[in-house]
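Enquirer: Model the full assembly from the supplied sequences, consistent with the hints where possible.
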Amino acid sequence: MGATVVEKIFSMKCHRDVNAGEVVMAPVDNAMIHDITGPLAIQKFYEMGGKRVHNPERITMLFDHQVPADSLEAAENQRYMRNFAKEQGIFNYDIREGVCHQVTMEMGKAAPGEIIIGADSHTCMYGAGGAFATGIGSTDMGFALKFGALYFRVPETIRVTANGVFKKRVGPKDLILSIAADIGADGATYQAIEFVGDTIEGMGMAGRMTCCNMAIEMGAKAGIVPPDHITWDYIRGMRNITPFPLKSDNDASFSEERMYDVTNLSPQVAEPHNVDLGVDVTKVAGKKIDQVFIGSCTNGRFEDFAEAAEVLGDRKFSDTTRVIIIPASRQEYLKTLRAGLIERFVMAGALVEAPCCGPCMGGAFGLLAPGEVSLSTSNRNFKGRQGSTEASVYLCSPATAAASGIYGEITDPREVE
Amino acid sequence: MPGRYLSIYDPHELATHAFEGIRDEFALEVKPGDIIVAGKNFGCGSSREHAPIALKGAGITIIIAESFARIFYRNAVNVGLLPVVCHEAGSIVEGNSVMVDLTGGHLIVEGKTLPVAPIPEFLMKIVTSGGLVEYALGLEEVPVCTASHR
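Residue numbers (our numbering), protein chains in the order written: chain A, 1 to 417; chain B, 1 to 150.
You may find that some hints are simply not true.
[As the list claims (entries may be wrong)] Simulated pairs of lysine-lysine, BS3-like, Cα-Cα distance not exceeding 30 Å: (1) B:112 / B:125; (2) B:40 / A:383; (3) A:283 / A:316; (4) A:287 / A:168; (5) A:288 / A:168; (6) B:40 / A:51.
In short, the hints are calculated from the structure, not lab data.
Expert: Below, the structure written as structure tokens:
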């Protein structure tokens, strides 16, 4: 019987055939910790008798959720982590680079065939780089810091095939929202989702990251795109790895197969308060919006801002709606800046902030008051996610967010001239 | 367990809030050595360790359920609680005495034998150590790529 990409990754790491369902103690190629989950993971490391981390070079430390420190507690957490980094010889990106998942990808920390863990739910995003990547809790992270390995139950794989070419102003975020609506918030529980098909192959890394980022929203343990020339081109400048084939065998066993044709896909919007409540934008068009957020690990890359700018054109954003735009990393910020887009956004009336998670989870700033409605290119819209439990969050693509920011209400981007 | 108790870490204090809002008397009725028997997807909605820590603080050591929410399952193992999957758990009645025989792959309740899903050997090691922290405390390194069959 053939093997899936996920089974092959574990088999390579364990030097023997590993099948889905087995529990293995696998070596971890990189572990990511940030300012929110890092402190508890470090405490667990010490509690487990940890003295020196297994390999400081395989730990990615950065701060992104509460940056620059927005409270005394945040300041102390960051100082605690800075001290740990100094003590252990771990390089700390600190507040300087941006959102954890974007930085981890662009620093080449996740390569095809690797096993990556992160103390954050959306760690699954690194599957876009052909790695097996999963979010874990602080106790597990403390263990991984000490031993450089962690136990995993190897997941079965749901294969998602997406074919067809996106119509104008429809893109990867719309695809993943429609997949989430189809599979459901717990439809992929503990599975890996493998994304294949010509739509995926036609996507650049940015779109693949958007899709893999949201695998967790269907309960999946990981999302993965089998590496191809786009993946290898992306990693080439950062890591010295000879490309090797890594695809699921034709006779591999999948727990489920789902097919999607994007030819007639329209822009999607996930209604409050669940990610799997995606609907056609026309169903919610006209809903007044108080705040628009374009950014996050899901849609905070240059390609996303180019998509938003294309819809914005020469217009201004509505002055009844606050628009907050946050590139996910210093690198993406610079790309966006050099293309002249930051100036256009600022002139249109948006706030452009330094790379961070920002309003995504109602932490650092941009909170919503009771009764307010926000439209966000991020990945979660649970009750209370962006502030008041009596506020509502809709999720959408950058194109839809830009269109809606112009008119102050949810707007189909295809309707904007 | 209500979210407002997330800042509490002490197991015994957490135990007083277990199942609060669903079965308020639980904290008063539970005794060490008690076993929780549940239906499908036990632990659904919980991704923090506080829930299994509270149950352990109340003296629970085993949870038998038809199925478990996956994050709760992993958190339970990591704090040293034994989650046992038994598809016929529904036939167990409160007050019954249950004997769990993992080696034999079954449990015995009121003279009846019910099959239970086997637990990967490595997960049992963690549970019998008392949790992941306790397991890790004694070790300088771990056996990488040890495999156990499901």
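Enquirer: Confirm or reject each hint.
Expert: A quick look at each hint next to the structure:
1. B:112 / B:125: It holds: about 28 Å lies between the C-alpha atoms, which stays within 30 Å.
2. B:40 / A:383: Since the Cα atoms of residue 40 (chain B) and residue 383 (chain A) sit roughly 25 Å apart, the hinted pair holds (cutoff 30 Å).
3. A:283 / A:316: 25 Å, holds
4. A:287 / A:168: Measuring from Cα to Cα gives roughly 23 Å; hence the hint holds.
5. A:288 / A:168: 24 Å, holds
6. B:40 / A:51: Roughly 41 Å separates the two Cα atoms, so the pair is violated.
Hint 6 from the list above is the single one not met by this structure.
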